[in-house]
Each structure stands twice: as structure tokens, then as C-alpha cells.
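J.: Sequence:
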Amino acid sequence: MIANEGASPSAEPTVSPLPLRGAGATKPILATMPGGDATWNRYVEDYLPRNGGTPSDYRALLKLSKGRELLLLNGSVGRRQRYRDLIFAILLKLTGNRTPVLIQDATWEPDSQSLGRSLPFLKPLLPALARLAIRAMDAPHVHYAVLSSKELETFPRSWGVDAHRVVFQPFPNTLHASRGMATRHEDYLFTGGNSVRDYLLLEAALKGTSIEVRAATSWEPTLGLPHLRAHPTSHEEFMSLMANSRAVVIPLRRTVRSAGQQTYLNAMGLGKAVIVTDAPGVSDYIVNGVTGVIVAPEPQSLRAALLHVVDPANASYYAQMGERARTDVFRRFNEETFRHGLLRHAAAITGKPLHPDKLEESAG
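The sequence shown lines up with residues 1428 to 1791 when you count with the numbering used here.
Because the hints were derived from the structure by calculation, they are not lab data. Quick reminder that beta carbons are idealized off the backbone N, C-alpha and C, glycines included. Errors might be hidden in some of the hints.
To be verified - Derived EDC-like pairs: lysine to aspartate or glutamate, alpha-carbon spacing no greater than 16 Å straight-line:
1) 1490 - 1472
2) 1490 - 1464
3) 1634 - 1725
4) 1454 - 1472
5) 1493 - 1472
6) 1454 - 1484
7) 1577 - 1705
8) 1577 - 1532
9) 1550 - 1536
10) 1577 - 1625
11) 1493 - 1473
12) 1550 - 1538
13) 1577 - 1472
To be verified - Derived DEER-like restraints, expressed as beta-carbon distance ranges:
14) 1490 - 1689: 30 to 38 Å
15) 1478 - 1751: 18 to 26 Å
16) 1754 - 1526: 38 to 46 Å
17) 1546 - 1526: 26 to 34 Å
18) 1689 - 1717: 35 to 43 Å
19) 1614 - 1579: 36 to 44 Å
20) 1589 - 1538: 18 to 26 Å
21) 1689 - 1744: 33 to 41 Å
22) 1636 - 1778: 55 to 63 Å
23) 1508 - 1537: 15 to 23 Å
24) 1658 - 1510: 44 to 52 Å
25) 1537 - 1742: 41 to 49 Å
26) 1478 - 1614: 45 to 53 Å
27) 1717 - 1493: 45 to 53 Å
With the hints as constraints, model all of the structure from the sequences given.
T.: Written as C-alpha cells, this is what we have:
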């Protein structure tokens, strides 16, 4: 809830709202992520350089951060982006800049599977190195937005940060131009993605069935099942396979972080029935039996769900589920609800409410 919004003037001191423009037309929030709607652009200046992670980029960020009410950074940057936003947060701390920071999409785990695969010689040291990096960045002015309610509990324990500096902001669908793409219901199930997936579980569930599955992933099957085909794809092929599938299945590992939201939310936005194994965050986005199916992460339960979704007798049931999912995703998990949610968190962190006439209530 936004601090002091709607409060009686006699109940507590008046708090000035976040300015739409400060001195010198400086917007109160500097962000390293884009935003397209008018409300976001009233409060936020987006900084998206071509040379991210270079000395000149960091100098520009430090200069632009002066006089701001809050800095909004991207926690999902990785090796490809040179960990740019995380290094910038460390630089802010080292230079004594205590402007409040909100790191969105802070979906991290100490034992990174992707880093472990690419740097196997460092795998035993990764948890300690990751915690060391977070300690170098963390301070009372740094706040974290996670993508599941479960991470409100696990994130502070995993990283040793204060729980009151961790907030939950649901992720949006990212269909964008693909929202209206044509879909079909061909005779296969789709799965895809690499982060925190449990494809061995899916493989075990498919054993003894003839269910066709197309998997867009770098994972390689181990059992030689002829009806399970897996290979890396382009984004275009990924979306095409998803759009033309009968349903989408996402097997997730249970770990301290959530994962898979982009894949199953986009599938739901295309009107697909989704089957997702129970893991952190899943129930924040899917209403079990209404907008999707959440199953226990065990072969028998997953196999039963897969057999049920491919049964022609249940086609109408899952078609209706897909339509409910589409409606729910575009209502609750869209770019506007995501960014307006971040603005509300910014208002709560700074203690300055948003202008009520500039931001209508929205879900998320």
C-alpha cells in the first residue's frame, strides 16, 4: 500500500508526493529498463545505452543518478550483460551514494546451474562467490523485488538481507507483438526453456506413453523416447511450437527461486492449457483447475495430467480453461500492471505517495 495515500491530514503529517518533475526537469526515478505507458514516463527516465557495462556507461549512470528519489535496476542481467546493474549497485555503495535502490526481477539462487555448466571449474565455489557479491552490493538503501510470494521468505534467508527490504512484484506476459499470432491445436504438447527445469521428471512421466512432446531446450533426453523431441530453437520457432501445440507443460525444479513465468504466462496468453509442476510462484500466477493445472512434481501425477489433457473427450474442458487463462493473464499480468506495481513499491520505499490522479488502481 502506498504510504499516506488517502490518509486524513489530521491523522498524520502531510507527505509530499513523488514529483512528476523535479528541478531541472529531472524525473524522480532513473531506471535501466524501458517503459512505454504515459504514467511510467511521467515518473521515470529510462537509460538504455548501447555500451552497457563499460566505464563510460558507469560514469553516465553515476552522473544521472544524482538528485533522484529512487534508482530502479534490473536484477536479471547476467554474463551477457556483464552483470552491469549489479556492478552499478556495488559502485553506488562504494561511492557513498545512498539513493534508494530497487532491484527488480531479483530471481537468484546461490548455486546457479547455468553458471555451473559454463564454468564447471568454479561450481564448488559458486554459492560462496554469489553470497560475497550480494554482500558487496547490499545495504539498508537497497531493496529487492522478487517474482513470487514464496521468495519473500526464501530470499532473505538465502542472501542474508533484511526481510522488510524484499517485496513481491508479479512478472508480466511478454507476448507484445505475438499476442495476436495465429494458433492451432496440433497433436503434440510443448515444453521449453532452460532455467530451473526438471526435464528428467518429464521424461520419466512420458515413459510408457505415446504422448508426442516437442521441447525447445538445450537439454538432451536420456531415455531415447521416440515421442520426445528436444533441441535448441530460435525465439521464432519457440513461439511457433508453443502457438500450435495442444497444450503446454512446464516441469520445474523446486529451489529457492521461482522460474518459468515467462513461458507459462505467454502460453496462457495464447489461450493454451498449461500444466505446471508445483514450485515457488506457480500458485501466484495460476488458479489450479481454473486457469491451468498445477501438479505434484512426481512422475505419476504428471503422467496422469498429461494423459488427461491429450484425451479428446476433455478437449472442450481444456479449451475453456485456455480462454479463462488468456483473459486472466491480460487482466492481471501485463506490462502496465507490472510497471505500475513497481511505481507503487517505489512510493512505499521513498515514503512519498504517487499522485492519485496520475495512477489508477490496477492489479499486481
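J.: Taken at face value, is the distance from the CA of residue 1625 to the CA of residue 1577 at most 16 Å?
T.: violated (19 Å)
J.: Do the beta carbons of residue 1717 and residue 1493 sit within 45 to 53 Å of each other?
T.: holds (48 Å)
J.: Run the distance test for residue 1454 versus residue 1484: straight-line Cα separation, threshold 16 Å.
T.: Measuring from Cα to Cα gives roughly 19 Å; hence the hint is violated.
J.: Do the Cβ positions of residue 1658 and residue 1510 conform to the proposed distance bound of 44 to 52 Å?
T.: violated (29 Å)
J.: For the pair supplied as a hint, residue 1577 and residue 1532, confirm whether the alpha-carbon distance does not exceed 16 Å.
T.: holds (14 Å)
J.: Tell me if the beta carbons of residue 1636 and residue 1778 are separated by a distance inside 55 to 63 Å.
T.: This hint holds: roughly 56 Å between Cβ atoms.
J.: Holds or violated: residue 1493 with residue 1473, Cα cutoff 16 Å?
T.: At roughly 14 Å apart (the allowed maximum being 16 Å), residue 1473 and residue 1493 satisfy the hint.
J.: Could you check the hint for me, namely that residue 1537 and residue 1742 are 41 to 49 Å apart, CB to CB?
T.: Holds, since residue 1537 and residue 1742 (Cβ atoms, about 43 Å apart) stay within the stated range.
J.: Taking the Cβ atom of residue 1689 and the Cβ atom of residue 1744, is their distance within the range 33 to 41 Å?
T.: For residue 1744 against residue 1689, whose Cβ atoms are near 26 Å apart, the range 33 to 41 Å is violated.
J.: For residue 1546 and residue 1526, compare the CB-CB distance with the range 26 to 34 Å and indicate the outcome.
T.: holds (33 Å)
J.: Are residue 1589 and residue 1538 spaced within 18 to 26 Å by their CB atoms?
T.: holds (23 Å)
J.: Does residue 1490 pair with residue 1464 here, judged by a C-alpha cut-off of 16 Å?
T.: Answer violated: residue 1490 to residue 1464 is near 25 Å, above 16 Å.
Consistency with the previously given hints fails for numbers 2, 6, 10, 13, 15, 18, 21 and 24, ordered from lowest to highest.
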